[in-house]
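Novice: So the sequence lines, in the order shown, correspond to chains W, D, G and X. With my numbering applied, the first sequence corresponds to residues 1 to 625, in that order. With my numbering applied, the second sequence corresponds to residues 626 to 939, in that order. With my numbering applied, the third sequence corresponds to residues 940 to 1469, in that order. With my numbering applied, the fourth sequence corresponds to residues 1470 to 1757, in that order.
Everything labelled a hint here was simulated from the structure, so no lab data went into it. For each residue, glycine too, the CB sits at the ideal point set by N, CA and C. Check before you lean on any hint, since a few could be wrong.
What the hints assert, rightly or not - What the simulated footprint calls covered on chain X by chain D, stretch by stretch (three residues with Cβ under 8 angstroms from a Cβ of chain D suffice, anywhere in the stretch; the number is not a length):
{"no.": "1", "segment": "1507-1519"}
{"no.": "2", "segment": "1578-1587"}
{"no.": "3", "segment": "1641-1654"}
{"no.": "4", "segment": "1693-1704"}
{"no.": "5", "segment": "1731-1742"}
In case you want the letters, here they are:
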Amino acid sequence: MTASELLEVRGLDVEFTAPDGAAVRAVRDVSFTLRRGETLAVVGESGSGKSTTALALARMLPGTGRIRAGQVLLDGQDLATAGPQELRQVRGARIGMVFQDPMTALNPVLTAGAHLDEALRAHGRGRDKAARRARAAELLDLVGIPDAGARLDDHPHQFSGGQRQRILIAMALAGEPDVLVADEPTTALDATVQDQILTLLGDLNRRTGTALLLITHDMGVVARSCARVLVMYGGTVVEDGPTAEVLTRPRHPYTAGLLAAVPRLSAPSGTRLTGIPGAPPDLARLTEGCAFAARCALAEDRCRTATPPLAPTPAVPGEESGTVRAACWPAAERHEPLPAAPPPVPIDRPRPGAVVLTAEKLGKTYRGRGRRGRTVTALDGVSLTLAAGETLGIVGESGSGKSTLARVLAHAHPSDSGTLRLGGRDVTRPARRELHTVRRSVQMVFQDPYASLNPRMTAGEIIAEPLHAFGIGDRAGRARRVEELLLLVGLEPGAAHRRPRSFSGGQRQRIGIARALAPEPSVLVCDEPVSALDVSVQAQIVGLLTDLQRDLGLALIFIAHDLAVVRQVSHRIAVMHRGRIVETGTADEVCENPADPYTRALLAAAPEPVPAAHLPRPRNTQVPA
Amino acid sequence: MRGHVLRRLPSALLILFVASLVIFAVLRLVPGDPATSLAGPDAGPETVAAIRERLGLDDSLPSQYLHWIGGLLTGDLGPSYAIGGQSADLISDGLGATVELTAAALLFVIALGTAFGVLGATARRGWVRAAVRALTTGALAVPPFVTGVLLVLLFAVLLKVLPPGGHVSLLTAPDLAVQYLLLPALCLALPSAAVLGRYLKDGIERALAEDYVRTATAAGVHPRRLLWRHALPNALPPAVTLLGMQTGHLLGGAVLVEAIFAWPGLGQLAEQALTRRDYPVVQDLLLLLVTVFVVVQLITDLVYAWLDPRIRWE
Amino acid sequence: MTELYPSMPGRLSRRSALRSAGGGALLLGFGLAGCRSAVSETGSAGQEGSAGPRRGGTVSVAINSDFTPSLLFAQSSQSYQHRLIYNTLTRYDDRLTPHPELATSWDYAADGRSITLRLRSDVTFHDGRPFTADDVIFAVKNLQNPARAAQLRSTAAVITGFDKRGDHELVLRLAHRVNNLFDLFEFMIITDRNSVEEALKGTRLNGTGPFKLTKWSPGSGLSFVRNDAYWLKDRPYLDAVEFRVVSQADALVSSLRTGQSQLSFQVPGRNLAVLKDHPDLTITPYDTGAGATYLGVNTTIAPLNDRTVRQALAYAVDRDRLLAQSLGGYGLASAAPWPKSSPAFTETGRTHYTHDPANARQLLKSAGHTRLDLPLLHLALPGDTAVAESLQYDLKQAGVHVTLQPTDPATAQKNLISQKMPALWTMSHGFAQVQPSTLAVSAYPFNEARNTSKFHSAEYTRVVQQAWTSPATGAAAGRLRQEISDILLDEAFIIDLVIRGNVQIAARRLHGVTLNKFSYLDLDHAYLAG
Amino acid sequence: MTATAPLPATGKRPRTAPRHPYRAALASARGRTGLVLVALVVLAGLLAPLLAGHSPTDQSSQSLAPLGTPGHPLGTDDLGRDLLARLLYGTRADLGIIVLSVPLGALLGCLFALLAAVHPVLDTAVQRLFDLVLAFPGLILALAVTAILGPGRLPVVLVIALAEIPAFGRLLRGGILVEREREYATAARVGGSSRIRVLTRHILPNAADPLVVQIAVSLTVAVFVEGAMSFLGVGVRPPQPTLGSVLSQSVPYLSDAPHFAAGPLITVTALVLGLSLIAEALNREIRR
């Protein structure tokens, strides 16, 4: 181990005990090193074990988690076997950590100053309270909180999400650690805020020499922030190498598939992405062999029987050998890049028909609770039209009013002002009977497939609920229709008898779509339908929605914060900001020639998975897959 | 804060008004008669009639109600029918003793409840957790009338370290008063302490699983501080609400405990007054207890807001 | 309330050291270790001395219900303080012979229609005002007022005229002869006529008794100090008396066991077992009988209007078991209401009915019943419930199935005096311990004119009136008493079960405590031995 | 979106559908112990007529017989009644009371909570009603109710139910307020379900979880209240034994005949312990 090797992980195995008593190996045989001042990304989808790996470093595993085997050497000290006292001295002082959700990671009853004070006093930084307070103010200033001294006495709820993440970073820096472990630090944040936070992390790395271990699912974030990347799948490292190399010339089929599934802002409207078929593996049921074998197009027999080791791969043209390691039998013998994935396929979709939905000057304000009754204007004169067979994309950051718009359009909430027409009829404030018919033609798909399905009902009951509500069919007829719908969204009919808990995220979203389609609506409002899904699954759902539109002639409202996805699926895009639509136009036009400064800011902040410098114009490139 | 109090005032007054009606009505529904209980076991009808006349029990019910409420509004709580003296004097005498008992019990509830909660949630040693569970289960399972007698047997009869019952005012002889106070307060507090302990245990376990505790752990904060500075303050606000409820229970439970420890408080007074159908005393007393409950609720809300900064700023 | 706790003796004994240590451990955080202890020694004495009578000391009396000023002139469950604050005119001995108190001597007129009382002249009230014949006149007139609810009102009402002969001699003229005038004199406390309304509110109790009331703390107790100007020279011995209200039986027992209280008469029989072997306590049963537990029968409800059925009930109950199990063995199982000290007591009367379920069934059968279903009302208090349960079981053995109706005392009282009792009830009555005739004119359950059982009989009325208005002694009196007893036993509208005497539990060092016939506590000669 | 959850996200194990949380709770070690304890007590109550060798009301002259007396394994009480029989029948009586009163209180509480969900004005009214019930000292209430209704099971059941109404009502009201903001509720509304249907079919089943835990807690409270009422002489009509009445009858003999109190104390403790274990297990599973 050289002096520059700060952290070395050897053969790390982490195990959890499932509620039924079974042992689940969440991380298996993970090894990597982190040098002083280095930036390393660990990327993977849900269940890949990336967060567990990060938590295991400082022995912060929750619940039943334990390190079963392996070493975590920090300057030669093995943290895997360290006592509580030693660990406390390492946490914060040598390894600083930043977690995903800034909304819950700060203690609501403590002030920002108290948080920093806690972190400082834990390692005896600062002689007394006053000294610590001064240092706390410095730290807040360092992470870019304006008017730091005065804000020390504010509580977390008085800060914005981005500011909270900055406070967390300040906390992690309080002990002047050698390495900062950031676990999905920007996932809960808007793109523009994400951009600022990533910039901050980069600056800190450069200025203080703190090494950065960044855990993320987002290839764009990896490309933007880290020199080296570790790709994890099914609890193991499948690929490891310099970011530029891995992202442009992936060796492992999973990495390639993942990259192919990431929507590119540069991809034009009306194209289709290829997702990875299947779903990530069940860790409790993993046996010997490559975890990805079941989903891999290139899998061979040995992939299913023996676990491939993480080994250096032969050099491919344009790269010096041995910089990339991959855990893949075929990759170890391949001397050329993986066969090129097809470029995004343009979909043949019918021209949009007649206008079905018109909104004019919709307004909606929420009265804040509490005695001041602070009001929030969620919609401020929003007008739009939607034609049959058309997809209107709506983008905006949190608080822009896009979700409110979705709910007003779907009559989940009434609007305060403006008019809403459906097929020429004024349906702004429909009577009870009329509301019923309106709802039948406008349905909604929700963001969170976990929250939008009633956990107490079976999939069949959930899908049949609108049929029941609109009085469609008798009992047997409804059962047949449920079966049809399940097939339509790509689920087996047998799924009808299972409850939401037993489905994966993507499957749940399919159930949500089936429910929305049940009453045969003409308009489907999709509120962030894919933002809670893994990238590989995201592509499948987007594809499904596009197919359904084509087959059923649906008019779609597609709301998202990710411009790349929106561009891909939409005919037209409306950009929302502070309750207003600041720009509308065809999808390609808005993305290529944005007129509004806000749109430009949004576009600039969106991280691209492959650094531009390494990538020729996407249209001509053979995107590896 | 003043805004909050003012906003709650109308509904508080409404509760009191409805409560006064309910109290009045229930008391009239209860069989028995102040005059017959006052007349003694061997009285004839003329004696009863004379007493009814004297107490104004032959007036119409609305007029009796208005007479009572009118008196209250002018600060006159009325005479006691059966016990003797003025209702106001009896209540103020008992109130002191009950406030002492309830306050001491509340202290016990807080101290024991916190100990139960913290130990139950964080103790590493299995036997400590088992002991806490045994204590909380026992406190809930053994009724106060048994606990009380057992406490007296142990501390007063066997060990002879504390008096078996009775009351000395804290104002006149605090050192002695505390000795009289210990057992009844403990007896009254145990069930509530067990409930609070369970609640806090749950709250602390929940809080310790929160992200912010992970944040603090990652910053190297000592487990002790994690508990006291991070987890506990978050478990407290809901516990305060519970404590507010429990104060009502403590006041109610005083009926039993005061009897066992010969504690001359409102519980004994209430029971005595109800037994003798001393209408004015029962009415005043129950309305007072409802008022106390309403005020405690209000205080609970304020303390909650004080403990939870998010409420303050809304 | 200041003096409800005796102070701690000076020398630190081993026990008190232990106590300080234990108490200190318990008082942790109160910073009180080493302070005064609230645990008292058994009765605090004055100076050291021999076992003989001596001055000084405080006695703490545990009572189970508080003083009720509005019932000052009626006999209630709690009359112990009456003879401390006040005096009566005369006092009975165990054989019902009156002895002087405030009245020094008396003469009946030959026709029994008037009596001349000579009063003590050296008596003053606590406020210094001398006691005169006017105070006696007031006391009698006061009891004639129905609002006072005095049980002996009928006797007081017989006094129709007052002839004062100076301040200390008085002739009472009577409407007719009564033989229970001295019951009245035993019962009637002489209060200050100027402050009777205040007395009824409990604010000022001014009497001539051996102790002055210094404070009444409702719900907590009463405090008395020695009346230095008491007319009985060098009495009382005690400096002070405390009454401590301890309503709950177990708490009462604990108070005595720990020496917190030195005297009580109200420990229920069931709770006495624990005190029996206590080294510092003595238990003294009084066989004079202050009350009796009875089974009341509503004679208007079929088939209880049939005397045979009532007699069957009287045979069905097992008085001895009831006495042993529900009353701790303190009392006298008896079918007649009279205690042993009563002139009406006879052993044949006592054992007129004994436990004989077979006979009971036989009687029921003869009345045409094999099974009866009846309600039985009782007070919802632990002791009363045990009695009722015991009765229920016994009656069931004779084929009488009763449903218990536990009832709160106020409702029971209302039912009792407004004649609304169900078929059966069980309660206690008093007034059998004095002149037998008083029972039938003063105790409501036995009242010939109007009673809870709704029992009427010209014969009973005649005998009672005759007994009341004839001389208290002599063969005729004895015959009339026997007649009353016979009627009561034969008619069985009130089925007496157990005569309950007062049971006195006192600290071994406390001597000279007595009660009068109405349970007024007399501490004139009481003292704490060294 | 990614796994910060410790365990590989549920729902990725199609091999077995996850068990219903209640069943999982009862299958946990804690839940199983609790279940066994409660089951023992319940069985004792149910089988009282078979297990007890005597009638619980038969008296004899053999008062306060000690443990192990031939024919009376637990001894006898002051009136010479068999303590085993009284314990078993007492348990039976208590079970009868609590299984009636707690569901009744829960039902009424839930009805009020549903009423509160209809309109803000009703909500305020219902909340004040709960406050009012909570504000009355329970035992005084018990004395009054029993005085009005007369002795017996009914007042005991009513007093317990009354005391439980606000507990359940407040809990469900809070749950409904939270759940109706959830997306699945919005989804149901958008899907055309009527208000009533959204409330009863969607929100209610999801808001009901804490109620199940509360039932376990309330059963404990109910036993407690029954005991207190027996002690105050307003319990079940004697001579019918209940755990509370046997206990309060044993109080005078606590120092001389402790076995008198031991039976009911152990039974109540087992019940309370069992219920609290079940409540904890449920809580854990529901939160999971």
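Novice: Of the numbered hints stated previously, which ones are contradicted by the structure, given in increasing order?
Specialist: Hints 1, 2 and 3 are the ones this structure does not satisfy, whereas the remaining hints hold.
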